[in-house]
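Given these sequences and hints, build the entire structure.
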Amino acid sequence: MEVRWDATVSDNSFWSEQGLAARPVLEAPPHGTVEVRVWPFGILAGSGVQRPIRLGLSGGFTLRDVLAELKTRFGAGFLEGMLDEQGELISHCRVFVDGRMIESLAVPVPSGAQADVEIILLVATEGG
Amino acid sequence: MNTATPEFAVAADDAWIQSSCSLCYGSCSILAHRVDGVVVKIEGNPDSVVGKGKLCGKGVAGIMTHYDPNRLTKPLRRTNPKKGLGEDPGWKEISWDEALGEIADVLRKVRQDDPRKLVVQRTTTVTAGRTPFQTFAAAFGTPNFSVSGGGQHCGNGAHLISGIMHASWSVVPDFAYCNYAIYFGASKGHAAGHASCSNMGLAADARARGMKMVVVDPMANFAGAKATEWVPLRVGTDAALALSMAHVIVNELDMVDGPYLQARTNCPYLIGPDKRYVRDPESKKPLVWDTVANAARPFSEVAAADMALEGEFFANGFQCEPAFAKLKAHLLKFTPEWAESISTVPAKNIRRLAKEFATEARIGSTIMVDGVTLPYRPVAAVAFRGNQGHMNSTYNFFAVDLLNQLVGAADVVGSCMGFNPASKGFPETGRPHYVPTPDADGLMVTGMWMGYHYPYPPSEPRLPKNLGLQDLFVMGMTSPFLNSIDQEELWQTFEVPYRPEVLMNFGSNLMMAIGNSEVVAKSLERYKFIFSFDLFLTETSQFADIVLPDASYLQSTDSRSNFPFIFSLPGGMGEWCWPIRQEVVPLDGEQRRFAEVLLELADRVGMRADLNAAYNASMNLQAPYRLEGDHAYTYPEICDLELKGNFGPQRGLEWFKEHGLIKWKKQPEEVYWRPFVDVRVPVYWEFMVSMWEKINAICEPRGVNIPQEYYDPLPDFLPCRSHQCQKPGFDFYAFYYRDTIHTNSFTMENPWLDEAAELDPFSYYVAIHAEVGKKKGLRDGQSVWVESESGRKVKGRIRLTQAVHPEGLGIAACAGHWGKGMPVAKGKGVFFNELLELDFAHVSPNNLNLDLCVKVRVTPVEA
Ligand code: SF4
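Residue numbers (this note's numbering), protein chains in the order written: chain A, 12 to 139; chain B, 219 to 1081.
To be clear, the hints were calculated from the coordinates, so they are not data collected in a lab.
Every value quoted in this text rests on a predicted model; they were computed, and no experiment measured them.
Treat the hints with care, since some could be wrong.
In silico EDC-like pairs for lysine to aspartate or glutamate, Cα to Cα no more than 16 Å straight-line [as the list claims (entries may be wrong)]:
(1) B/683 <-> A/91
(2) B/912 <-> A/96
(3) B/493 <-> B/927
(4) B/503 <-> B/519
(5) B/881 <-> B/265
(6) B/994 <-> B/949
(7) B/746 <-> B/332
(8) B/335 <-> B/743
(9) B/912 <-> A/95
(10) B/502 <-> B/904
(11) B/683 <-> A/95
(12) B/883 <-> B/588
Here is the structure:
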C-alpha cells in the first residue's frame, strides 16, 4: 500500500467504523410514553433537584429533547456548563444513556418503558 | 520509619516484583527485588516498553525515598491556628478516624454551600494521581483543579500546542528514522521528561546511527552536551530564530512541502480582510480557491492538489488570499539579520540551519515501513519547557512547530511526532480506541487528552466561573492566579461569584513550585482549611490544618500507572504497553494510599454515587464493568474492572499482578496516522481573531488591557519583560532548567540523589559564562546574591563555564528547601522561583504562562 499526502481517505478502512470494536447501536424509541430517569452528578447535582429526575417523554425523541425538557422544568441555568454556544455537548460533559456513553445529542433515547440518562461534568483543564 | 515488615520476613521471600517507578511522571516500568520483606534493589523491567529496561538515577535511588526515616507515618493536626512563613504548626498526631472525620465535615459543608470553593491541587510527579483526583473533583462538583510541580511552568505552551498541532501531550523526533533534529529549549531523550528513559535509549541509538542533533539553548547541558551542534541564544528569543528559519525556508529557499500544506493544513483556506476565513454562504465551510474550476469552493469539495496556496482572489464579495500567502508575507520581516539582533545567533548560521533542515526533510520522498509506503520527512523541530516558559509562550512553541509543518514533517516517518495520538486498541477488545477527528472546518480535534476539555476547538471566552480564569483566557491550562498577589483584584474585576475556602493538596509543594514564597504564602494563608496528602512535611504542608501520611509507590497499586498513551509511552513503531503498579511492600505505620482515602472521604461526605459516576466517565467503564449506584468499591476493585474492561474478563488485576503489563504490536497506520486520517492542522490560527474580540469585550470595560498582538493568527516574536529591562547592572537573564538528577523539588530529600547532585558541577550552582564572570571579578565557587529588578534575591555559588550564553545565568532544578521536614534537602542548591513575580503583568495574556526569565544582577555575598 502506498499512501500519499493527497490521497483521499475514503478508501481507507483502517480507521473506519468497521475497524472499531462493536459500538452500541441505539434503537429508535417506540411511540408511546417512556419514563426517562435523569441522574445529574457532580456540580449538576447541586441544583437542589431530587435525583433521579423523572421525565415522561413520548414519541420518537432524542437526548436533545431530554435536555430541552430539563430546561423547561428547571430553567436554562440547569444546563449551564453542559452545552457550547452551538447548543452541542461540550467535550468535558459526559452523558450515558443506559450505561452507554453518548457523543451526540441527536442520539435517540432507546426503546423500553424506562431509560436512564446519567450526566456529569469532568475536569476541563489539566497541566503538567 | 519504614522498616522490614514481618508479613514478608520469611526465609522464602526473595522476589522480583513488576511495578512502576514514580520518582517522576515518566512512570518507567521497574523490577523491585524484595528479600525478606525489604526492597534491596530496583532495576528497569526489560520486558516493558516504558523505560525499555532502563532507569535513570532517580529510579534506581527510589529505594531511598521509600525508606527515608523522615517519611510521615501518622496523620498530623496543627495546633497553632496562625499560618505563615516561619510559623510552627505545632503538629499533633491524630487518628485517621479523627482526621477524616474533620475533613469530611469541612467538605460536606463546603459542598452544600458551593462546591467550587474547594480547590484540588495535585503534583505532576505521580501520574497515577491524575485520575483519582480529577475524578474526586468532578464528583464533588468543583472546576478548580490545578497541577503543580513542573506543570505550572511548562504545560500551557508546550502541551496545548502539541495538542493542537500533533494531537498529543508532547512531541519528539521519530528517533528510529529521524536524521536531523533541532531542539529548542528541550531535552527529550537526554534527561527528564515524558517517556524519559525510553527516549534516552532511542535518542542514543539515533545519535549512534548518525542523526544530527542541533540544540538551540542558552545552556549546553543534558541535550546540548550530546549535540552535534550547540546554538547558544539569548534567553527567551527562540521564536525570533525559528521564525527567521521559517522565512528563509519559505521566502529565500522556497523549499516547502506544497502537497502536505494543501492536504493536511489550512494553508489553502481563503482569508479575508478581517483576518477570518471567507466562508461558503450556505454550508459555512471555509472556502479555498479551486485552480481547476477557477472559483472559490468549500474546502471539502476540492481535490487538495487543486487548492491554490498563493494568489489574490475575489470571493464572496471579498478580496482574499490563501492563508499560506498571508504566512509568506508575514514571514518577510523576520530576516536573519533581524533575528541576529534579537537572538545573537549569527545570520549566516540561521541561513545554514534553515537550509540544512529543509534539505534534510527530503520533501516528496517516501519510505516503506511494515509493508506500507509512507511519507518520509526525517527532520524534527522539537520544543519544550525552555522555549515556552516566557510571556511569548504560545508563539515560541507555534513558531518552532511551523518549521515542521512547512516541510511536511508532522507525524510521518522520521518527523516530529506526538506521543501516540491514535490507537486502535488492544486487538481482542478494541480498547482504548481513539483517533483525531475533523471539526466542521476540517481542523484536527485530538482523540485523547489529559484534561477533558480538548485543546481545539477552544471554548468560548466568558466571564470566569473558575478561580484560575481559564473560562476567560481559554488558551490557558494551569493558572498562576490561584496563588498570585493580585488574585482578589482579578476575581473582583471579573466578578467571580465565590472565593476559595478549602485546599485539598496531593503532594504539591506549592511554596516552591510556583513563584516567590512570600506571595504564595499569602495565597495559602487565605484558605480556611487545607489538608494535604504527603510523603514528607514540605514547606507547603506547614500551611495545612491536617497532613495525611501517604503510601509510597512501592506500597501502592494502580491500574493506570502510565496511562494515557499520549503522555509517557514512547512514540514511534514498536509496541503498545499497559503496565500497572503493584505493592512491593505493605504500608508502614499508619500510612494509607491516597486513592483509598479518597473513596472513604467520598463515603463520609455522602457522594459515593457521584464518585462512581465520575469513575465510569473518566475511565470510560462500560457494562458489565461499570460502577453501580453508590456501591462502596475498593480501589483495587475499580482497577480490576478497568483492566477487565480494556483487556477482557480473564485479565483483571490478579492477571496483571502476575504479568506486570500487557503489550501488543503497533501498526504503521497508528504510528504514522496523518496520511490516514482526513484532518488538517491550523498553520493560520484564525480562531485567535474572534477569541481576542470576545476576551477583549469582557476585559476592556473592566479596565484590563489585552494586547491584540498576543492573538494574531500568525506567530510573532513578543519580548519578555526581562528583554525590556534597562536597569544598570542587571545584565544577566536568569533562567532555571530541569536537572536530570532531580524531579522538581521532590527528590532533593533522597540522599543518593543529593550526593550525586553534590558531585555534579552544576546541580547546586549558579552557572555563568566564564569570561563574563572573570570580567566581573567573580570566581568559581564564590557565594553570590542573584537579585531581581524588584529586589527579590537568592544566594548561590558560582560555576564558571563555557557552556552558557554570555548573557545567561542558569540555575538547576527547584532546590533550596528551608523546611525541617526534609532535612537532607534543606539548604541545598538555589531556589530560583523566589525570583519570580506572581501577578497579571508577568503572565502571558494569551495562555496564562508565567514569565520564567528574570533580569538579574549578581553581587558577591561578602560585599
Ligand atoms: S525517568 Fe522518571 S519514572 Fe523513569 S526511572 Fe527515572 S525517575 Fe523513574
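Verification of the supplied hints:
1. B/683 <-> A/91: The hint holds at about 11 Å.
2. B/912 <-> A/96: It holds: about 13 Å lies between the C-alpha atoms, which stays within 16 Å.
3. B/493 <-> B/927: holds (13 Å)
4. B/503 <-> B/519: Cα-Cα ~10 Å, so holds.
5. B/881 <-> B/265: With a Cα-Cα distance of about 9 Å, the restraint between residue 881 of chain B and residue 265 of chain B holds, given a limit of 16 Å.
6. B/994 <-> B/949: Distance of about 11 Å is within 16 Å: holds.
7. B/746 <-> B/332: Given that 16 Å is the threshold and the Cα spacing comes to 14 Å, the pair holds.
8. B/335 <-> B/743: holds (15 Å)
9. B/912 <-> A/95: holds (15 Å)
10. B/502 <-> B/904: Holds, at about 15 Å.
11. B/683 <-> A/95: holds (15 Å)
12. B/883 <-> B/588: holds (11 Å)
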